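Protein sequence lines correspond, in order, to chains W and C.
Following the numbering used here, the numbering of the first sequence begins with 1 at its first residue and continues without gaps.
Following the numbering used here, the numbering of the second sequence begins with 1 at its first residue and continues without gaps.
Treat the hints with caution; some may be incorrect.
Stated by the list, open to error - Partial list, computed: chain C residues near chain W (C-beta under 10 angstroms):
| # | residue |
| --- | --- |
| 1 | R25 |
| 2 | V26 |
| 3 | G28 |
| 4 | S29 |
| 5 | T67 |
| 6 | A75 |
Calculated directly from the structure, the hints in this document are not laboratory data.
Just so we're clear, the structure is a prediction, and the values are computed from it rather than from any experiment.
Every residue, glycine too, gets a C-beta built ideally from N, C-alpha and C.
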Amino acid sequence: MQEMRIVSVNGCLGYGFEASSLAAGCELDPAMVGADAGSTDPGPFYLGSGQSLVKPPQIRRDLGLALKNARAAKVPLVIGSAGMGGGEPNLQLFKKILLEIARDEGLHFKLATIHSEIPKERVRDAVRAKKIVPMADVPELTEEAVMDSVRIVGQMGTDPFAHALDKGADVVLTGRSCDTAIYAALPIARGFDPGLALHMAKIMECGAQCAIPLAPNDSLLGTIRKDHFLVRPLHKQRICTPDSVAAHTMYEQGNPHILYEPEGDVDMTGADFEQVDEQTVRVSGSRFIPTPRLRIKLEGARLAGFRSFTIAGIRDRTVIANLPIIEETVRAAVKRNLGGVPDSDYKLGFRYYGRDAVLGLLEPERNNIPHEVGAMVEAIGKTQEIADHVLSLARSSLLHCPFPGRKTTAGNLAFPASPSDTSAGAVYEFSVYHLMDVDDQLALFPLELESI
Amino acid sequence: MRSKNAGPFQITIDLMFNDRAVYDRVIGSGALSAKAIAPLYGVAEDLVRIMPFERVRAIKITVPRTTGEHGSGSAFDRDVYGAQQHGPLVDLRIP
């Protein structure tokens, strides 16, 4: 095979994209259409709760167009990290929508669903067998963190995708997967260079984010050949430049030169980026270094409590100047008035937008007194009831809090809404973000094949 | 300049330069050192990684994430996507 063309629908199914871009890509005789549909970026909530960041009507629109175009072009549609977090509820929601679309449109195809939830006991045994290493800047994994997790998923590499395509799947729907595996599995299986395939996949997984104007919500074409690959946006109004593609190569990863994948590393130090025509960039020189040992990244989420918060404005400089004193006064008042709720059952946080809400103590300008700040008061409780209770006390105490030189005796806060307090539900945190030694990916990520 | 999560436990900041001469000057100045950056992000010096990417006239700085109790999106996080963490570098003086 001289070359293989692949269409990337967009950076995340549900973000939207130009229907004409995808249609233009599907007219170019691609070998497959791919889309990423998940990430850890929005935080641990989606893995922990099993909910999706993008809502069903958004998924229905994007997935419907992707499915219809791919079926019309008679090529596989490959979707990684379906439903955001990659857990079983995430995957099943996505699959349910897919089946509804298929029924409504009268589409028939061979569907491969690949699961990525890993039983906690499996991970605990790996901890005991010392087959787990932390990612950079992550503490060692403990058995306790594993068993406290609501769910744990593994990020599958290219093998499970290749296996599903080899079985003749027309649509591949996976739980949590490496973003690159979505696009790299097929070219690698067909004998293209894995270094080039994975590098191309890294660029394609964000849709047209590597183009100018950059946009995760538009389609991209990747063409892989023997010793190089090409990328170009599928919208006429966008272009790729060597700088835009090279810059995207290092996007959201800790090291600009190396891509770490389960099957090996891609060394991009020797990569060359050249303009081919107005829209297209050619990339060559990325080198694959196979790993001596297959390692799968695990992601786990555990419940960290329940949140309640309120937002209010402060437009009095004496209040703003006294916020540190006010905060301590409020904390003491809450503690005094809680009656029986132990300190360990709740935490209280204050954030001042306009002063230092984004950077906290690192904010170089936090001592300048602005004319207005937005206050967010946040309580995390062992239960929602405790969080609501703590917030209610903190809110009323902050509203009426005395401080030296106070003139605003009617109240320190401007609330934009009634009710002022929001019960925001469960708060999760990443309990596992580690690499696990694995012998066989196909055994870890079970495949389900069915005719729709 | 942009910042972003590199996974839930790291922030990565990309400084990209249009002008080769400016890039060379910044690299040559030594102003972007772990010693200068560590206090801006409240992390230990040996945890600051500074990696020039010459091909695109870029410098990547990666630090452990300190916002949030336990990684991105945990309780009291300030920036779930890590997209606004480049601020402390904006005022760094290049001699």
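Checked hints:
Annotation: interface hint on R25 of chain C violated; nearest CB of chain W at approximately 19 angstroms, more than 10 angstroms. At a threshold of 10 angstroms, the smallest CB-CB gap from V26 of chain C to chain W is about 16 angstroms, leaving the interface hint violated. The beta carbon of G28 of chain C is not positioned within 10 angstroms of any beta carbon in chain W (closest approach about 19 angstroms), and the interface hint is therefore violated. For S29 of chain C, the interface hint is violated, the least distance from its beta-carbon to any beta-carbon of chain W being 20 angstroms, above 10 angstroms.
Residue-level restraint check for T67 of chain C holds (minimum Cβ-Cβ distance to chain W is 7 angstroms; threshold 10 angstroms). Annotation: interface hint on A75 of chain C holds; nearest CB of chain W at approximately 5 angstroms, less than 10 angstroms.
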